[in-house]
Amino acid sequence: MTNVAHAVIEARGVRKRFGRAWGLRGIDLTVESGEIVGLLGPNGSGKSTLLRLLSTAARPSAGELRLFGRAPEREAAVIRQRIGVLAHASGLYGELTARENLRFAAMMYGLPPAQPALDVRLAEAGLAHAADARVRTYSQGMLQRLALIRATLHDPDLVLLDEPYTALDASGLTLVDRALADLRSAGKTAVVATHLVERSLRHCDRALVLSAGRVVYDGPAAAVPASVFPSAMEGVA
Amino acid sequence: MSTSGMSSVARLGRVAGLLALPIVAVGLYLGLVWAPPDAMMGQVQRIMYVHFPSWIATALAYIVGFVCSVLYLARRRPTLDYMAQAGVEVGVLFNTTGLITGSIWGRPTWGVWWTWDPRLTTTAIMLVIFVGYLLVRAFLDDPEARGRVGALVAIMGFLTVPIVYFSVRWWRTLHQVQSSPNTVDHSMVIALRVMMVAFALGACYLMSRRYEVARLEAAVELLDFDPETEGRRG
Amino acid sequence: MIRAELRRAWALVWKDLLIERRAKAAFNAMAFFAGMVLLTFGFALGPDAPGFATGEGTLLQYLSPGLLWVAILFTGQLAADRSFQLELERGGLDALRVYPGDRKALYFGKLLANLAVLLLMEMLLLPFAAILYSLDLWGCLPALAGIAVLTTLALAATGTFYAALTANLRARQVLLPLLLFPVLIPVVLAAVKATALVLRGDPMNELASWVKLLASADVLFLAVSALTFEYVVEE
Numbered sequence: 000m001t002n003v004a005h006a007v008i009e010a011r012g013v014r015k016r017f018g019r020a021w022g023l024r025g026i027d028l029t030v031e032s033g034e035i036v037g038l039l040g041p042n043g044s045g046k047s048t049l050l051r052l053l054s055t056a057a058r059p060s061a062g063e064l065r066l067f068g069r070a071p072e073r074e075a076a077v078i079r080q081r082i083g084v085l086a087h088a089s090g091l092y093g094e095l096t097a098r099e100n101l102r103f104a105a106m107m108y109g110l111p112p113a114q115p116a117l118d119v120r121l122a123e124a125g126l127a128h129a130a131d132a133r134v135r136t137y138s139q140g141m142l143q144r145l146a147l148i149r150a151t152l153h154d155p156d157l158v159l160l161d162e163p164y165t166a167l168d169a170s171g172l173t174l175v176d177r178a179l180a181d182l183r184s185a186g187k188t189a190v191v192a193t194h195l196v197e198r199s200l201r202h203c204d205r206a207l208v209l210s211a212g213r214v215v216y217d218g219p220a221a222a223v224p225a226s227v228f229p230s231a232m233e234g235v236a
Numbered sequence: 000m001s002t003s004g005m006s007s008v009a010r011l012g013r014v015a016g017l018l019a020l021p022i023v024a025v026g027l028y029l030g031l032v033w034a035p036p037d038a039m040m041g042q043v044q045r046i047m048y049v050h051f052p053s054w055i056a057t058a059l060a061y062i063v064g065f066v067c068s069v070l071y072l073a074r075r076r077p078t079l080d081y082m083a084q085a086g087v088e089v090g091v092l093f094n095t096t097g098l099i100t101g102s103i104w105g106r107p108t109w110g111v112w113w114t115w116d117p118r119l120t121t122t123a124i125m126l127v128i129f130v131g132y133l134l135v136r137a138f139l140d141d142p143e144a145r146g147r148v149g150a151l152v153a154i155m156g157f158l159t160v161p162i163v164y165f166s167v168r169w170w171r172t173l174h175q176v177q178s179s180p181n182t183v184d185h186s187m188v189i190a191l192r193v194m195m196v197a198f199a200l201g202a203c204y205l206m207s208r209r210y211e212v213a214r215l216e217a218a219v220e221l222l223d224f225d226p227e228t229e230g231r232r233g
Numbered sequence: 000m001i002r003a004e005l006r007r008a009w010a011l012v013w014k015d016l017l018i019e020r021r022a023k024a025a026f027n028a029m030a031f032f033a034g035m036v037l038l039t040f041g042f043a044l045g046p047d048a049p050g051f052a053t054g055e056g057t058l059l060q061y062l063s064p065g066l067l068w069v070a071i072l073f074t075g076q077l078a079a080d081r082s083f084q085l086e087l088e089r090g091g092l093d094a095l096r097v098y099p100g101d102r103k104a105l106y107f108g109k110l111l112a113n114l115a116v117l118l119l120m121e122m123l124l125l126p127f128a129a130i131l132y133s134l135d136l137w138g139c140l141p142a143l144a145g146i147a148v149l150t151t152l153a154l155a156a157t158g159t160f161y162a163a164l165t166a167n168l169r170a171r172q173v174l175l176p177l178l179l180f181p182v183l184i185p186v187v188l189a190a191v192k193a194t195a196l197v198l199r200g201d202p203m204n205e206l207a208s209w210v211k212l213l214a215s216a217d218v219l220f221l222a223v224s225a226l227t228f229e230y231v232v233e234e
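For the record, the sequence lines run as chains A, B and C. Counting in numbering that gives the first Met the number 0, the first sequence runs from 0 upward without gaps. Counting in numbering that gives the first Met the number 0, the second sequence runs from 0 upward without gaps. Counting in numbering that gives the first Met the number 0, the third sequence runs from 0 upward without gaps.
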């Protein structure tokens, strides 16, 4: 795969229908390799829906979506190899320990389940002390840390993060910050949906603001006009 | 495909319906008046002119439902889902008709309403399978999920029918029930054939109407709840 | 490529069985439920009612193949439901949707885990049935095991298919048996007939037809489910 001509994400008129309403009403979006995009908007504006489509968990009702130049409905297997997803729910199993959860994820990603490497990741996330505790006993913040490791275990080229700052304490917030900085320096592409505008935009090149399933702002993260921010969003001083 | 005016399906369906009317009339005359009563069963046997044609219509409609379900999974055109739904619903209608007429025929013939005859039992199981299809759809609000889940239920159900038939037949081998018309009067066969053609055309007509209703429902759903969308898709 | 898929399927089996071992309560409740069904049949039909046709034994003994497979059918439905329930707790199903690879691996992984759980349950249920209905199963154990594997495979194959299909639906608990039981009628029929032939002798050599029927049901269910599973887990 040496052809680098393709944008990582290309969406043309992408819509997603939920029963009697549209979740997304026509998204046009191109994200180039190496961009870190902040995805903003009030609850119900379509952030999570867009991330679900980008993650290939759901397919668009209409419009055209290309990831790495490939169509998800035909080449999902190849695309999924290169995508890491931190969804709203952690995707972890409560009855398994952190180690076992990661071992399972590694096998599903097609990686060799090398325990030392996994342990390093656990230690980095400050979970070494709880590596053999069942995830059921974890706090929300610990879950979120583990979920972040799970999402990026296979070194994906495109990382999709849905509210990565949820339920984290100060050191957890720093951990996500560091993860985003690492992605940037590694030249990865990321889309980060968040309510914490200021915190996340520090790491983003570009901001995308959704409202009622449409893009209402797409431009430099540093220059998001105050008018597009719905009052419901926190962190807008 | 526009949302107003008549689709080609509707036009073909209307032709089938118009053809079906005189053929039903002829068939009923042939079956009820012209053909002689059965030597053994008497007048009761005339229910056969509705009973057997019902199975032709059932088979036709379920096959349409199955084929359109497969195509829907592959192509995801909403119209294919409307047609699949129409096929299954009309199939359920004629399946029920076949079971009721079979039961009515069975009462004076065998003395019971229900005999666990292999064919009747198979068709009863078939009915339950496809009623499951309709029930599942009722629990899904999203048209895409409805089409996808429905298609999968229809495909698995349809392909299971032969296995159901063989299992029930071997299970009931002791009860040999002959109902294939080998030594029947020539006029009976003609009347039966005419009625079969009429029922097949009637099933086509009903499917086309059901298809139209599904198409219009979908269009209204969009207009009604989401004026911003132009109401045309796929 | 195929090796990677096998590893994925194996990962799922390992994960599901580990969870079942940790959350023993779920398996125990399921096995207990199966036993309760057998016990309830005992009360409903009465332990002393004489068997017919053969003229010897009790009614429970005569009907035992049917009772046994109905109990297993009910329990199998619960097991299939549970296997996708544990994926829903923390968004596991969504995570599974996004892992790379062919979705056939997901199907076969979930299926094999289900199969293992059901076979284990049957190993407990069979001796219980033998004691409760005073059946002499010892001599025909290998033949019974063969029938059980073929039947349980069909049960797990369709159970996994329909449970995945209905996992996200409200009213899932009503819909699953509604979809599952009709397509399993031929399987239950064949299993009951085959079991009865094994227990009571097979003078007409009918056993082979029923075994063939079970095997063709297995092939059909596995093929259709595997080929369509991509669409089954889609959302």
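None of these hints come from the bench; they were simulated from the model. Bear in mind the structure is a predicted one, so any value in this text is a computation, not a measurement. Even for Gly, the Cβ is constructed at its ideal location relative to N, Cα and C. Be a bit skeptical, because a hint or two may be false.
Said to hold, decoys possible - Computed footprint of chain C on chain B, listed as stretches where at least three residues anywhere in the stretch have a Cβ under 8 Å from a Cβ of chain C:
1. 60 to 67
2. 90 to 104
3. 120 to 132
4. 151 to 159
Unchecked claim - Here are a few chain C residues that face chain A, going by a calculated C-beta distance under 10 Å:
5. A10
6. L11
7. G91
8. M122
Hint check results:
no.	hint	verdict
1	60 to 67	violated (count 0)
2	90 to 104	violated (count 0)
3	120 to 132	holds (count 4)
4	151 to 159	holds (count 7)
5	A10	holds, 4 Å
6	L11	holds, 8 Å
7	G91	holds, 6 Å
8	M122	violated, 23 Å
Consistency with the previously given hints fails for numbers 1, 2, 8, ordered from lowest to highest.
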